[in-house]
Amino acid sequence: MAYVITGSCIDVLDKSCMEACPVDCIYEGARKMYVHPDECIDCGACEPECPVEAIAYEDEVEPGQQQHVSDNGAFFSAVLSGRSEPLGMPGGARELGRVGADTTLVENACHA
Amino acid sequence: MPDFRVAVVGSGPAGLYAADELVRQQELDVEVDIFDRLPTPYGLVRYGVAPDHARIKTVVRSLRRILEHARVRYLGNVHLGSDIDRAFLEENYDATVYATGASRDRRLDVPGEDLRGVCSATQLVSWYSAHPDARGGFDPAAESVAVIGAGNVALDVARILVKTRDELARHTDMPSHVLDQLGASAVREVHVFCRRGPEHAKFTAKELRELGDLPAVDVVLDPAVLARADAAAADKQARANLAAFEDLAKRTRRADTRKIRFHFWSKPVGILGDGAVEALRVEHTAVDADGSLRGTGECATVAVQLVVRSVGYRSVPVPDLPFDDRQGTVPHDRGRIVDPAGAIVPRQYVAGWLKRGPSGVIGTNRIDSAETVRSLVEDLKTAAVARKGVAAETIDMLLAGRGVRPVHYDGWLRIDSDEIARGRRSSRERTKIPDWETLLQLGLAARSG
Numbered sequence: 119m120a121y122v123i124t125g126s127c128i129d130v131l132d133k134s135c136m137e138a139c140p141v142d143c144i145y146e147g148a149r150k151m152y153v154h155p156d157e158c159i160d161c162g163a164c165e166p167e168c169p170v171e172a173i174a175y176e177d178e179v180e181p182g183q184q185q186h187v188s189d190n191g192a193f194f195s196a197v198l199s200g201r202s203e204p205l206g207m208p209g210g211a212r213e214l215g216r217v218g219a220d221t222t223l224v225e226n227a228c229h230a
Numbered sequence: 006m007p008d009f010r011v012a013v014v015g016s017g018p019a020g021l022y023a024a025d026e027l028v029r030q031q032e033l034d035v036e037v038d039i040f041d042r043l044p045t046p047y048g049l050v051r052y053g054v055a056p057d058h059a060r061i062k063t064v065v066r067s068l069r070r071i072l073e074h075a076r077v078r079y080l081g082n083v084h085l086g087s088d089i090d091r092a093f094l095e096e097n098y099d100a101t102v103y104a105t106g107a108s109r110d111r112r113l114d115v116p117g118e119d120l121r122g123v124c125s126a127t128q129l130v131s132w133y134s135a136h137p138d139a140r141g142g143f144d145p146a147a148e149s150v151a152v153i154g155a156g157n158v159a160l161d162v163a164r165i166l167v168k169t170r171d172e173l174a175r176h177t178d179m180p181s182h183v184l185d186q187l188g189a190s191a192v193r194e195v196h197v198f199c200r201r202g203p204e205h206a207k208f209t210a211k212e213l214r215e216l217g218d219l220p221a222v223d224v225v226l227d228p229a230v231l232a233r234a235d236a237a238a239a240d241k242q243a244r245a246n247l248a249a250f251e252d253l254a255k256r257t258r259r260a261d262t263r264k265i266r267f268h269f270w271s272k273p274v275g276i277l278g279d280g281a282v283e284a285l286r287v288e289h290t291a292v293d294a295d296g297s298l299r300g301t302g303e304c305a306t307v308a309v310q311l312v313v314r315s316v317g318y319r320s321v322p323v324p325d326l327p328f329d330d331r332q333g334t335v336p337h338d339r340g341r342i343v344d345p346a347g348a349i350v351p352r353q354y355v356a357g358w359l360k361r362g363p364s365g366v367i368g369t370n371r372i373d374s375a376e377t378v379r380s381l382v383e384d385l386k387t388a389a390v391a392r393k394g395v396a397a398e399t400i401d402m403l404l405a406g407r408g409v410r411p412v413h414y415d416g417w418l419r420i421d422s423d424e425i426a427r428g429r430r431s432s433r434e435r436t437k438i439p440d441w442e443t444l445l446q447l448g449l450a451a452r453s454g
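Residue numbers (the working numbering), protein chains in the order written: chain E, 119 to 230; chain A, 6 to 454.
Incorrect hints may have been included.
Straight-line Cα separation of at most 30 Å, DSSO-like style, residue types lysine-lysine; simulated pairs [said to hold, decoys possible]:
id, chain 1, residue 1, chain 2, residue 2
1, A, 241, A, 207
2, A, 211, E, 133
3, A, 207, A, 255
4, E, 133, A, 241
5, E, 133, A, 207
6, A, 255, E, 133
7, A, 241, A, 211
8, A, 211, A, 264
9, A, 255, A, 241
10, A, 207, A, 264
11, A, 272, A, 207
12, A, 272, A, 211
Treat the hints as calculated values from the structure; they're not laboratory data.
As the structure is a computational prediction, the values presented were derived from the model and not from experiment.
When you get a sec, could you build the whole thing from the sequences and use the hints?
Structure below.
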């Protein structure tokens, strides 16, 4: 279980969540932020920071946003466009920097 | 020698994030000494986060990288007030960040609070977290317990009290004497008393749902109170709590399980007993038109043998620093300590609970400490005072001259490995060392090689 960033983040990318994360597990894609499900420690610091209420705990995600539960994980397990391998466990968003790509789901999402 | 040496007092999340920000910033050449009065770092991550919340405790994996940074030193077993003081820090450091937390609990201020069997959540949590200053524990003969408070600490205490020895042994790092005492507990009922309604509670929904997952425990609450809850006025967190309560209320109760009973709209007015606690007396409450809480005059008495108050923390004043006794914090302006006349105290800063009061979660401190360090770096950049940049060896010499024996990071690692080895002997990840003597023996052992 982990926190999940839902579709409300798409094209918002406020990034306040990133500054609050104690383990640096919120990564920046091109259009959206993603929580690493295996690096997240369930502390909940990110949730109230989000200005568009895009963050929820995995089992509290609203019905219309369920696809984002697995999509946060897909950002790390799938091969993103322009890359030859998955991100895996980068171990810290600050070190990794902006990823500049998104999952297929987010790439194809309509503009907010 | 660095251009600047900064002292951080307290190695909990706030202190560590302050150190992290100090060595990450690119504008100044800074080294950091982190002091802690304990020989063990991580503050409330080690001694406050519930022992059965292992996932949150893994934050240590990223906190340890801060302690292992080449420009950061850990100096444990150094007590602010007796070993070092503000004058020492001012003389030898370019700046000091105080992040000593909030270790004192708030009292209920009701008659009977000093009876045997009344304790604070702080005391109980310290004891089951194996804090070396913790004393006592609790009376395992108590069958009925009152926990007073509507925050996650109250839930932590309730949950730990109803778990079985086996559950605790498998999923925590509690030492054996704690497991034995909790395992021998006769507890059947834990009553959680909240002054207001379920829509006002400060619990998180995640922790409430966790209660529903306890295999041999039933949660009991009055569905009528839930039905009356003002869901329209509730914010996102409160709505999630109400949903979690509704789910708990719907479940079938079983005979022969331990029970956690929620009592809302109830404020304690007295603790009864002859020498030791026998009962808690509560008055029912209601909200007036202006939003203030009042007693309805209707009272109830619940037989309990243990009362745990969990109604908030406050900071202990730091020797020689300004302190706002009403707020229980150090007055500040974006992290700069401010004296009672409103003037900035040069080069003295505050972070974490000592700065903002006991609120937020671990990550909240990252934002909070970043603000403090921004102020600090700005001040050092523009300060008219000559930079000190005292060498690490000079600090060591001065401390030795005062008869202080710090536990360094390698000393902590010896404690850490020993705890992991103790755990392994009983197939656990870790078993904590609960006493000063052993901690210091390991922490101060002569460095090998």
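Verification of the supplied hints:
{"no.": "1", "hint": "A:241 with A:207", "result": "12 Å, holds"}
{"no.": "2", "hint": "A:211 with E:133", "result": "24 Å, holds"}
{"no.": "3", "hint": "A:207 with A:255", "result": "22 Å, holds"}
{"no.": "4", "hint": "E:133 with A:241", "result": "20 Å, holds"}
{"no.": "5", "hint": "E:133 with A:207", "result": "26 Å, holds"}
{"no.": "6", "hint": "A:255 with E:133", "result": "39 Å, violated"}
{"no.": "7", "hint": "A:241 with A:211", "result": "13 Å, holds"}
{"no.": "8", "hint": "A:211 with A:264", "result": "19 Å, holds"}
{"no.": "9", "hint": "A:255 with A:241", "result": "22 Å, holds"}
{"no.": "10", "hint": "A:207 with A:264", "result": "21 Å, holds"}
{"no.": "11", "hint": "A:272 with A:207", "result": "16 Å, holds"}
{"no.": "12", "hint": "A:272 with A:211", "result": "25 Å, holds"}
Consistency note: the structure conflicts with earlier hint 6 alone.
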